[in-house]
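Chain residues, written in single-letter form:
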Amino acid sequence: MKIYTKTGDKGTTALIGGTRVAKSHLRIEAYGTVDELNSYIGLVRDQEVNSVRADILKEIQDRLFTIGSSLATDPDKNVKMATPDLHEADITLLEHEIDAMSEDVPPLKAFILPGGHQSVSFCHVARCVCRRAERIAIRLQEESPVEHLVIIYLNRLSDYLFALGRRMTHELQAEEITWKPRV
Amino acid sequence: MKIYTKTGDKGTTALIGGTRVAKSHLRIEAYGTVDELNSYIGLVRDQEVNSVRADILKEIQDRLFTIGSSLATDPDKNVKMATPDLHEADITLLEHEIDAMSEDVPPLKAFILPGGHQSVSFCHVARCVCRRAERIAIRLQEESPVEHLVIIYLNRLSDYLFALGRRMTHELQAEEITWKPRV
Amino acid sequence: MKIYTKTGDKGTTALIGGTRVAKSHLRIEAYGTVDELNSYIGLVRDQEVNSVRADILKEIQDRLFTIGSSLATDPDKNVKMATPDLHEADITLLEHEIDAMSEDVPPLKAFILPGGHQSVSFCHVARCVCRRAERIAIRLQEESPVEHLVIIYLNRLSDYLFALGRRMTHELQAEEITWKPRV
Ligand code: B12
Ligand code: B12
Ligand code: B12
Ligand SMILES: C[C@H]1O[C@@H](n2cnc3c(N)ncnc32)[C@H](O)[C@@H]1O
Ligand SMILES: C[C@H]1O[C@@H](n2cnc3c(N)ncnc32)[C@H](O)[C@@H]1O
Ligand SMILES: C[C@H]1O[C@@H](n2cnc3c(N)ncnc32)[C@H](O)[C@@H]1O
Ligand SMILES: [Mg+2]
Ligand SMILES: [Mg+2]
Ligand SMILES: [Mg+2]
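Chain order of the listed sequences is A, C and X.
Residue numbers for the first sequence follow UniProt numbering, so the first one is 1 and each next one is one higher.
Residue numbers for the second sequence follow UniProt numbering, so the first one is 1 and each next one is one higher.
Residue numbers for the third sequence follow UniProt numbering, so the first one is 1 and each next one is one higher.
These are computed hints drawn from the structure, not numbers from a lab.
Errors might be hidden in some of the hints.
If chains are identical, the list can't say which one is meant, so a pair holds when it fits in one copy or spans any two.
Think about it this way: if two alpha-carbon atoms lie no more than 35 Å apart in a straight line, the pair counts; the simulated DSBU-like pairs of lysine-lysine are [to be verified]:
#1 Lys109 <-> Lys6
#2 Lys2 <-> Lys77
#3 Lys77 <-> Lys180
#4 Lys2 <-> Lys180
#5 Lys109 <-> Lys180
#6 Lys77 <-> Lys58
The following block holds chain A by itself, in its conformation from the complex (with noise of 0.2 Å):
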């Protein structure tokens, strides 16, 4: 079977349940930004510095297409396809990497530039790319169901990859610059 299906070139596809709908659709833009953001992700894993990490990456990978599928269900219909589960403990995974990462990073009091070597500037953006998805989604989430964890958790995947470009400034010796606002 060949990738290219033709079946979207008008315009519309079908999401779980089978419902088609417009690809402008709120919900088409929700799930296709956490595909941006997951590409950000692979780009992040393949940084050497993260070659430590790449297990954790490859998790958070699998956890962003598990939320795309959460997406890309129609709400109004009773699906019975097996689709995977988010769990509390996905969260909490987030949680115990950030403090295990931020332990000797010097604590901070101020914003920081983006920057100082390339892979962390890679990690500053998928950061923003995340908040990007999660405001997609709180605006989905306005209009239309959507699973609780998955806004908890692109809210955390962001605090995340901010702790992670501060390890990893850390790891490869890179300068930290901090925000000292010209008032």
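With chain A held as given, fit chains C and X with the ligands onto it using these hints.
Frame of chain A, contents of chains C and X with the ligands only:
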């Protein structure tokens, strides 16, 4: 002539045809996102592994400028300016490339985790930005005429980028990880 | 204090001034996109070829935080907190840099295909994200006050990034390909 003309400092700009519109107009969002996609195609073209494919990637960039002109033209004006056209052949070219690239990579029965090599991750990001551009083009189409070939081209281009990502993975002998849903 | 405060888990957040709003609010979209842009400026700053320009790029990052504070301040509250100001001089600085960088690169009479070197492509992506931020700032301005200098700064910054991309191409002796429309 300086590139900063300051004419847009108040937040409006001119379409091809002369009509001034707010930069927040969906039409501007559409060609602005195609511009962002074009920058990512540039990034994909810059990857060493793609030196054998630089010509086709340049052609795609050319075609994205053609799409940009089409989207930037005021549909309510009879614009006499000679803007280039998009052809059916531009789409079949993508399809032939997809077929050729898929030849000696194993067929898929599951999603794959973006990543494995930095160049591959860039390609996945480009794929997702292409899909974002497609979504906006479809939103625009709901309120104003959009050339139908533009929509089809963007739809096929994201499949091209998926096939390219797999092809790059193969050539780079990078790892391809499929998603195994935790059910 | 942990960075994950969990206060945003229900989808709301606080502006400077204390008002709680949904994260889907256009104002959050605006400073969230400026944050994304800031991450890309970090990436551009990290490129070897830009080591001679690291200081100006850091200044731009500082200014983007200033813009972030401005956009994050509730316009309906008389906020007494001393947030930094954006000045006309911040814009003329960009203009002088554009003029200086354009001095020994050939004048343009056509569009150029993004790419030629990975660092140049990153710069084009940054340019497009800057323009995306500008579009959202203008959308916000249509419904709520936005400092006028913020809009002008973003407009000029994308021209700066275009000039910088050309300058980098020149310094890296990379290829600059102009678009020749197929008419
Ligand atoms: C949601 C969805 C997505 C989400 C991801 C899913 C997620 N969980 O987050 C996103 C937006 C990321 C996505 C992306 C893509 N998708 Co999609 N997606 C779907 C959709 C709507 C539901 C799939 C799902 O999650 N099911 C829930 C899971 C738990 O159940 P499942 O059905 O058993 O899922 C398995 C299969 O669907 C799948 N699979 C089986 N055969 C194939 C073949 C291909 C080529 C792919 C990519 C997947 C695939 O693997 C899943 C995991 O085991 C289906 C269409 C549909 N209505 O079913 C298309 C569908 C699977 N996607 C398709 C395609 C082509 C793609 C993309 C290549 C598009 C692109 N150009 O970017 C990418 C690939 C991304 C990647 N990294 O591999 C095609 C596959 C066509 C084919 N040859 O079989 C489908 C069938 C849509 C169509 N055109 O008709 N997709
Ligand atoms: C649509 C459009 C775009 C689209 C791209 C066009 C496309 N086809 O996809 C996008 C959004 C990508 C774009 C980007 C930019 N654009 Co523009 N764009 C336009 C617009 C509205 C129409 C151009 C067009 O497509 N015409 C259709 C073609 C087929 O006909 P054409 O007119 O003969 O087109 C030729 C010239 O316009 C052009 N050209 C001639 N002189 C110059 C000088 C410069 C500096 C540039 C970049 C182009 C350029 O080259 C084209 C191809 O031959 C014009 C304004 C207008 N209303 O005409 C501005 C315009 C050409 N753009 C301009 C600028 C500054 C830019 C950017 C540098 C902005 C930025 N900071 O990112 C970038 C450059 C991108 C790049 N890679 O080179 C300026 C150029 C000012 C000048 N010094 O001459 C114009 C005149 C707008 C203005 N400010 O008044 N743009
Ligand atoms: C606007 C804003 C942003 C803007 C940036 C600000 C800008 N100027 O552009 C953006 C969107 C970029 C942002 C990002 C983040 N932010 Co913020 N942000 C705010 C907000 C709403 C106002 C801050 C501000 O600009 N004040 C104006 C300045 C001039 O005055 P100020 O208060 O003296 O500002 C200083 C402190 O706020 C700050 N600071 C003090 N302690 C800490 C600790 C941490 C961890 C951080 C990041 C900053 C920070 O440094 C500022 C400069 O001196 C506050 C909440 C609030 N309502 O106050 C949260 C807040 C400061 N942010 C917070 C967080 C966690 C983050 C992120 C890590 C989120 C993420 N996962 O991406 C990132 C970090 C980005 C970075 N590069 O460092 C938390 C910090 C929690 C803590 N441990 O103290 C706060 C308190 C919100 C909350 N959760 O309650 N943020
Ligand atoms: C750090 C600050 O960032 C803002 N904030 C919280 N969540 C998001 C998001 N998804 N996108 C952009 N900004 C966000 C809030 O104002 C918070 O206080
Ligand atoms: C693979 C799946 O991705 C969804 N899909 C199709 N087009 C887009 C797009 N432009 N953006 C995001 N998702 C899309 C459809 O649901 C399709 O089945
Ligand atoms: C070069 C051309 O790009 C368009 N333009 C101006 N500002 C933006 C923006 N923020 N985003 C996208 N397109 C823009 C105008 O049409 C201008 O003429
Ligand atoms: Mg948060
Ligand atoms: Mg498609
Ligand atoms: Mg402009």
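The hints, checked one at a time:
1. In this assembly of identical chains, Lys109 and Lys6 lie within 35 Å of each other by CA distance solely across copies; the values are 18 Å between and 52 Å within a copy.
2. Proximity of Lys2 to Lys77 under the C-alpha cut-off of 35 Å is restricted to the intra-copy arrangement: shortest distance 28 Å within a copy versus 40 Å between copies.
3. For the identical chains of this complex, Lys77 and Lys180 are inter-copy neighbours only, at 24 Å across copies versus 52 Å inside a copy, given an alpha-carbon limit of 35 Å.
4. In this assembly of identical chains, the alpha carbons of Lys2 and Lys180 lie at most 35 Å apart only when taken from different copies (21 Å versus 54 Å within one copy).
5. When the C-alpha separation of Lys109 and Lys180 is checked against a cutoff of 35 Å, the pair qualifies only within one copy, where the shortest distance is 11 Å, while the shortest distance between copies is 41 Å.
6. In this assembly of identical chains, the alpha carbons of Lys77 and Lys58 lie at most 35 Å apart only when taken from the same copy (31 Å versus 44 Å across copies).
Every hint, counting from the list given before, is met by this structure.
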